[in-house]
Amino acid sequence: MPGEFEQELQNRMQDFRVSPGPELWKQVAAALPEEKRKRRFIFWWLLPIGLLLAGGIWYMTGNRQTETGAKRQLVSQNDTAADGGIQATIKPADSLADGSKHIITASPKTTHSKLIVKTAPVLNAVKQNQAAIATNKADLNQTKPGVKSKVNVLTRPGAAYPSKPLAKTNQRQEVTLETTVGKTISFAASKTGSGGKTRIVTTGDPGFEVETGKPSFKLALKDRKAIIAIKDPPVWAGSDSSTANSFTEMYNHTPTTAGFIVSKDITSNIPMGKLVKTADVLNGSNSGISGGHDSSATETLVTGTSKQPVVAKKKAGLLKWGFYIAAGSSNAEDKLFGSMEKSLNYASNISQGTTVIYASPSQPTAGFSYAIGTERLLTVDKYWQWYTAVQYGFMSNHQKTGSRKDSSLIIYDNSGYNNSLSSTTTTIHGFYYSGTTTSHTNTIHQLSLQTGLRYVMNPLAKRPLGIRVGVNVNQQFATNQLLYDSYQNIYYYSHTATRHFTTGMILGLDWMLARKLTVGGFFQYNFSAINKLEAGRNLHWRAGGLRLSIPFGK
Amino acid sequence: MISVQRPSIVLHTPMDSKTLISACLKNNRAAQKHLYNTYADVMLGVCYRYTKSLADAEDVLQEGFIKVFSSLQQYKHQGELAGWVRRIMVNSAIDYIKKHSRYRNELAFEQLPMHPVSDENPDISLDTKDLVELIRELPAGYQAVFNLVAIEGFNHIETGQLLGISEQTSRSQYSRARTTLIKQLNNISSSSITKSYAR
Numbered sequence: 001m002p003g004e005f006e007q008e009l010q011n012r013m014q015d016f017r018v019s020p021g022p023e024l025w026k027q028v029a030a031a032l033p034e035e036k037r038k039r040r041f042i043f044w045w046l047l048p049i050g051l052l053l054a055g056g057i058w059y060m061t062g063n064r065q066t067e068t069g070a071k072r073q074l075v076s077q078n079d080t081a082a083d084g085g086i087q088a089t090i091k092p093a094d095s096l097a098d099g100s101k102h103i104i105t106a107s108p109k110t111t112h113s114k115l116i117v118k119t120a121p122v123l124n125a126v127k128q129n130q131a132a133i134a135t136n137k138a139d140l141n142q143t144k145p146g147v148k149s150k151v152n153v154l155t156r157p158g159a160a161y162p163s164k165p166l167a168k169t170n171q172r173q174e175v176t177l178e179t180t181v182g183k184t185i186s187f188a189a190s191k192t193g194s195g196g197k198t199r200i201v202t203t204g205d206p207g208f209e210v211e212t213g214k215p216s217f218k219l220a221l222k223d224r225k226a227i228i229a230i231k232d233p234p235v236w237a238g239s240d241s242s243t244a245n246s247f248t249e250m251y252n253h254t255p256t257t258a259g260f261i262v263s264k265d266i267t268s269n270i271p272m273g274k275l276v277k278t279a280d281v282l283n284g285s286n287s288g289i290s291g292g293h294d295s296s297a298t299e300t301l302v303t304g305t306s307k308q309p310v311v312a313k314k315k316a317g318l319l320k321w322g323f324y325i326a327a328g329s330s331n332a333e334d335k336l337f338g339s340m341e342k343s344l345n346y347a348s349n350i351s352q353g354t355t356v357i358y359a360s361p362s363q364p365t366a367g368f369s370y371a372i373g374t375e376r377l378l379t380v381d382k383y384w385q386w387y388t389a390v391q392y393g394f395m396s397n398h399q400k401t402g403s404r405k406d407s408s409l410i411i412y413d414n415s416g417y418n419n420s421l422s423s424t425t426t427t428i429h430g431f432y433y434s435g436t437t438t439s440h441t442n443t444i445h446q447l448s449l450q451t452g453l454r455y456v457m458n459p460l461a462k463r464p465l466g467i468r469v470g471v472n473v474n475q476q477f478a479t480n481q482l483l484y485d486s487y488q489n490i491y492y493y494s495h496t497a498t499r500h501f502t503t504g505m506i507l508g509l510d511w512m513l514a515r516k517l518t519v520g521g522f523f524q525y526n527f528s529a530i531n532k533l534e535a536g537r538n539l540h541w542r543a544g545g546l547r548l549s550i551p552f553g554k
Numbered sequence: 555m556i557s558v559q560r561p562s563i564v565l566h567t568p569m570d571s572k573t574l575i576s577a578c579l580k581n582n583r584a585a586q587k588h589l590y591n592t593y594a595d596v597m598l599g600v601c602y603r604y605t606k607s608l609a610d611a612e613d614v615l616q617e618g619f620i621k622v623f624s625s626l627q628q629y630k631h632q633g634e635l636a637g638w639v640r641r642i643m644v645n646s647a648i649d650y651i652k653k654h655s656r657y658r659n660e661l662a663f664e665q666l667p668m669h670p671v672s673d674e675n676p677d678i679s680l681d682t683k684d685l686v687e688l689i690r691e692l693p694a695g696y697q698a699v700f701n702l703v704a705i706e707g708f709n710h711i712e713t714g715q716l717l718g719i720s721e722q723t724s725r726s727q728y729s730r731a732r733t734t735l736i737k738q739l740n741n742i743s744s745s746s747i748t749k750s751y752a753r
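First to last, the sequence lines map onto chains A and B.
Per this note's numbering: the first sequence = residues 1 to 554.
Per this note's numbering: the second sequence = residues 555 to 753.
Keep in mind the hints are simulated off the structure, nothing from the lab.
It is possible that part of the hints are untrue.
[Claimed, not checked] Computed Cβ-Cβ distance ranges for the label pairs, DEER-style:
1) B:Asn-741 x A:Asn-11: 17 to 25 Å
2) B:Arg-641 x A:Leu-465: 49 to 57 Å
3) A:Pro-22 x B:Asn-709: 25 to 33 Å
[Stated by the list, open to error] Some chain A residues judged to face chain B by a derived CB distance under 10 Å, without partners named:
4) Gln-14
5) Phe-16
6) Pro-20
7) Ala-31
8) Leu-32
9) Trp-384
Where a beta carbon is used, it is the ideal one built from N, C-alpha and C, also for glycine.
Generate the whole structure from the sequences, applying the supplied hints.
Printed below as a string of structure tokens:
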């Protein structure tokens, strides 16, 4: 019972207050977990939808302009022979007097309904993957970070059955084994009780040694599983006949094998850098062991020092979303590789006294390209990932038009008088000429759906390398595409001629940096040619450059 | 300079505290700050009594509030939240003085002979702040035992368990602390009349 002195003290102290400094709350707040910010996630999922909508509006707007406006024919070339000579006339097509104005009337494609159709599955996909992400997030939340290691008490199976031999069926106990993935963890085992040996066996990595008689064991990795094996715990001390048994026997729980195994696939649901948690203890049967158990050996205490780093990989089947940007150069050329110059028979119209040689069309030069998209990666197994992506891309190149005076040739005409050789100086007229050329920039925009495989060459490395091979389908909504019509011998602009549904492929090599940022190179090639009207030429868009992937979440 | 304040508001009603706790459990920073502001002054007063400096008291308060927020899900809404928070602060203070050498050395009680318990119940003419300063001038061991027994109301068995000492040691320490404190009180207020009460 408190005296009056104590009672008065208590009354006085109830009112006693001291004001803390203003910085103290900041220090407390800094040590508390951060607030959850869910809305941030939603923003990213809106990105592909926004891209699709923007692309659709762009497409529809461009289409209407094409339908109502006149086709823009910029350059036409009409090479005619006059007085046995060569005369080249380059005029704006609208002003051609001979009516050779050529207007491409490529019918605009109806895209409005297509875009609506395409949007719906994308929305569904987003919803489905939000659900998948939520599920994964819930899984991840089951592993709480923060604890580096934890003392684990492995209760000796004999303690639960002090007066009778262990049953043949395995006894199952749960222990907790916690460490931080990517860190080095280690353990030491000590035993109480008398007699017997504690033999610790590690497995999974052939480089590991079997340690005997030491109060420690190691964590091994095998097939992305961490396996800890402790052989011959004190419970079977004394006349333990299992000391000669191999780990394999122990692992298989043969009836005559004593020991227990701590085994757990620590890779499940655990991303890199997160906590590894939970191991199972399987207690083997000792029905074949004579001498029974040692009741004085009551427990094995496992606690730890560090020896072997643990590397956990993403669980197979874990969906990951990411956002990526890419930039580089692009061009549309005849061949996939090489000079891109196709050998064409542009030399023609050779007749007596008059020789006209058409130069080949000018080759475009590379322009700037970029792409932005979101992708989902489904881990198939340790090495393979299946990815799908939605991407908006822009590609461009440059092309010159004009006339060209390349060189003079001596044409030996053997159809002349008396069938004797004569010579004519011939000028080749082509499509560009330095000083009188016009440079045009071709641009193309496309929405792509991509799918493919990513192979991780070294999945256990800290900075794994990956190779991507994939295919894509693209809806192009080009603007300002300068095309060549070899039949009419003109260049013309078209907004609609390249509005193709195309297919293509993509190759890539990437390297994972810190915070799971992935950087690498890519090469994209469209199988489909951009213009079938152009005889003899098969221009395919291609792009290459650097690509940076940023994962959503951790 | 320490400012001593009088309580001006009643703490949350049960409904309020439930809502507040729910928000705090969701790591709502505003709610956590509100809870902190509600109890910080009182709890720093508690921590201050167990330590020798304001900086140490603030360290204890900081650790205590981190424990409060991290273990708030264990609060079962039985009893006042203030009492629950106060108990955490007292435990934090005990942990602190056990952990830091300048306190721990004085906590290493040797087995002292029993000291007669003083029956004196002096009239306390000092204001609260000065009274707290007198308690804080006691050796750390006396200070901890006196706070736990006289002010928190723990018995000597509980005090012994908290400090890791025997019940007898707790009794002895408390007796000496009480005598020392009363002596100082008498010296300070020598003109006042010391009243004796039967215990």
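Hint by hint, here is what the structure shows:
1. B:Asn-741 x A:Asn-11: 17 to 25 Å: holds (23 Å)
2. B:Arg-641 x A:Leu-465: 49 to 57 Å: holds (55 Å)
3. A:Pro-22 x B:Asn-709: 25 to 33 Å: violated (39 Å)
4. Gln-14: OK, holds: Gln-14 of chain A within 10 Å of chain B, min 8 Å.
5. Phe-16: Interface hint status for Phe-16 of chain A: holds (4 Å vs cutoff 10 Å).
6. Pro-20: Interface hint status for Pro-20 of chain A: holds (5 Å vs cutoff 10 Å).
7. Ala-31: With a minimum Cβ separation of about 5 Å from chain B (threshold 10 Å), the hint on Ala-31 of chain A holds.
8. Leu-32: The hint holds - Leu-32 of chain A has a Cβ within 10 Å of chain B, the shortest such distance being about 6 Å.
9. Trp-384: It is violated, given that the least Cβ distance between Trp-384 of chain A and chain B is near 38 Å, above 10 Å.
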